[in-house]
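Novice: Chains as they are written, first to last, in UniProt numbering: chain A, 1 to 481; chain B, 1 to 481.
In short, the hints are calculated from the structure, not lab data. Check the hints yourself; a few may be wrong.
Any copy will do: because identical chains look the same in the list, a pair fits if it lies in one copy or spans two.
As the list claims (entries may be wrong) - Capping the alpha-carbon separation at 27 Å, the derived lysine-lysine pairs in DSS-like fashion look like this: (1) K84 to K426; (2) K235 to K102; (3) K192 to K378; (4) K102 to K290; (5) K189 to K378; (6) K399 to K426; (7) K189 to K461; (8) K233 to K99; (9) K378 to K233; (10) K140 to K304; (11) K304 to K426; (12) K461 to K99.
There are 2 protein chains.
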Amino acid sequence: MSLTVRLHITNTLFHLNLKAPLTKRSDNTKFLHSSVYHPNPLSPLVFHQRMSSVPLCKHSVTIKSSLIDPDGGSLVDLVVPESKRELKASEAELLPQLKLAKIDLEWVHVISEGWASPLKGFMREDEYLQSLHFNSLRMKDGSVVNMSLPIVLAIDDEDKERIRVSTDVALVGPDGDIVAILRSIEIYKHNKEERIARTWGTTAPGLPYVEEVITPAGNWLIGGDLEVLKPIKYKDGLDQYRLSPQQLRKEFDRRQADAVFAFQLRNPVHNGHALLMNDTRRRLLEMGYKNPILLLHPLGGFTKADDVPLDVRMEQHSKVLEDGVLDPATTIVAIFPSPMHYAGPTEVQWHAKARINAGANFYIVGRDPAGMGHPTEKRDLYDPDHGKKVLSMAPGLEKLNILPFRVAAYDTVEQKMAFFDPSRAKDFLFISGTKMRAYARSGEYPPDGFMCPGGWDVLVKHYESVQAEEEATQKPTAVSA
Amino acid sequence: MSLTVRLHITNTLFHLNLKAPLTKRSDNTKFLHSSVYHPNPLSPLVFHQRMSSVPLCKHSVTIKSSLIDPDGGSLVDLVVPESKRELKASEAELLPQLKLAKIDLEWVHVISEGWASPLKGFMREDEYLQSLHFNSLRMKDGSVVNMSLPIVLAIDDEDKERIRVSTDVALVGPDGDIVAILRSIEIYKHNKEERIARTWGTTAPGLPYVEEVITPAGNWLIGGDLEVLKPIKYKDGLDQYRLSPQQLRKEFDRRQADAVFAFQLRNPVHNGHALLMNDTRRRLLEMGYKNPILLLHPLGGFTKADDVPLDVRMEQHSKVLEDGVLDPATTIVAIFPSPMHYAGPTEVQWHAKARINAGANFYIVGRDPAGMGHPTEKRDLYDPDHGKKVLSMAPGLEKLNILPFRVAAYDTVEQKMAFFDPSRAKDFLFISGTKMRAYARSGEYPPDGFMCPGGWDVLVKHYESVQAEEEATQKPTAVSA
């Protein structure tokens, strides 16, 4: 089913630099695209922009209202059917065992539900090398899917020795249960330095995922095909929010969504985010979609120590819906189970690609996605604009509609969060995550209209308990001193 | 024109691991491919390999005997026609000027002759980012060309200030002549750390190209479209070897080549290389080609201090042809003007891609192409097998036939260079470049049959003169001591 609409995009509404012509991709989907990404009047890419964007800006076009196909054509599902579980479980008992860390298990979860479709297990070397060098995988039919992060499992020399000649291994979760079988395994060298350099564009010490996962890991990677014995659950009271791509697609169909726009975040939702999400919905309606659904999709895997914990964020998000800042009727809140790399332009491709598999055909991208401060220098690790530029050019993401968003900030005149207006820059107050945490830690209230009170109270409570803990843990030291 | 032949490849002849099924690519060209690249029985790539290689190994197939198309469809030529030179030269006089280092000029040369087709100048940011993240560029029609090395020009703050609002700049060669105009320029940040990490997979100090070119360079990159005022010449007595892709294609046509196999090297040719090249020709004849031509293509740009200088290598190569080790009738010796990055799997793609543009449809790749020792650790910087694996999977190189070669070593029984036979490994003596240089420095002769005497004498003479120089430069120090 498709519908025809006249496009009348106000370019200013999607990008700070006030240029975002709607550009057609080869497969008849569209993405909002700033021409500054391709300033070269003679470059191949710009010819593409020019030729293809002109008709779109001038005439009516057809917008595909069906949801987007998963990468590889079908959604990967690696959970063993109930009927076979017992058999597989007893088989697994006899295999060499590999102990998984918490984050390894998060990846098993991610792969098993098809977020990384068409990936069917931890990467073997051919997939690893393509991911590292090309951020993509070539399929048997010559088509290309995006795959920007190496999704790998590391083992050490002892593990390798223990596996010996076995072609399959059992994966054991942190709690001691066998969670999966890894089939027709391949073991290859884990060159940590090269992996880190090519994934993060730096080898500086202090990258959270590197210190947590890679540095302590073994010097071998083991790839293979996953069979997961039963759905991965965390029993942390949040499992009901962990909807699989399959469940999300079903829900979008149930709600008869004709557009799904995904918003990835790992921070509390303030009114600037809300403004942006509501504005995006309005734009999609203007574009002719009848029932755009927002997928508010907080990342639920590993995050760095100073990020707000998942349970607190989820509570804060529900307050935001309770307080009516976002409309529950057109919003789905779910958890994206991936761990966080903080790898900027490389990682934002993964965030977008996984949402294709979850059925989102629009992806909102902002300033410095998946970025952080440089671990050893006084600067952002990544150019804040590279994320959306790389996303707009990434192989395998052509079918996804990219929505670069304008920066929202606190308008001290209107006393509310509003899209930043460069013509009166001095009126705007930028409240960074750090600044927001500082407010909450000090129990101080941010300017009115920055965040709904219900949501804010959740944060304040969180930081009170953190401070209480800190004091508690400091006492013994005080005594012993 | 095309011809049909029965394929009967002895797999052992192209790869050390004794497996190299002839694999068909989507565009009906073929490449010799080791199945160990894609050991994953379920991975997209392997399906590709499997499905496509089976019929080829069993039945007759058609081999395209026409030469390969340049990337982007037509060969880029940025040298201003004679008639317009004067006009452009006087225009250039009025533009802000940028001074080029020797290696910058080598890149101007490379770009101007179309080795990097479809690139029409130094990269703007959109091309730079695609090269850095995807090793490829997407064309206007959605097709992809390989572009693994950032081909960029760095400027410092003073240059940037001097350019001000000018849209074009003049490029001045090391000798003070204006050599080119860079049109509709774009200036963007030069994040050296990220560039180095993503290109080399390490940021360790001691990478030759980094120390020579990147570390001393400015913090900005300037992209634009090149107009080169006249063909770049070096007046070093070797210009006659510097055939452009256009000249090479003409020469291949003149010789009515139905296959051209390129051999990239930056070292003297020993009999192991010769064995390999002659054996490749024999194989191509067996495959049904009537007139395969060898492009012996030494790299002529920047190389590290301890590599054998270009003039010496060229002299050595001509001796090899004089001594009849290679057949002049079926060999073209020319200089590839690119500087050397020593960036292993990333750079080997550039070496192959440039040869596509020069009209070669077969590319020979060996162990650890464009590799070197790790600058700070006691190991190879790259896995010696990654180069050919990455090459076989690289976007935009599908149309090139990749010929992974078996390692040749000195067979102490047969007393000649021969393909390494793992079944009698102890009979083989590996003579590395370092070892060869050690022989030559000490004036000692390598084992009979390692290199033709004429070629060897060239090297010995070279190292004698090097030693003489070293002693000469050491004397003053001795006196002053």
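Novice: Please name the hints from earlier in the document that this structure breaks, with their numbers sorted from lowest to highest.
Specialist: 1, 4, 6, 7, 9, 10, 11 and 12
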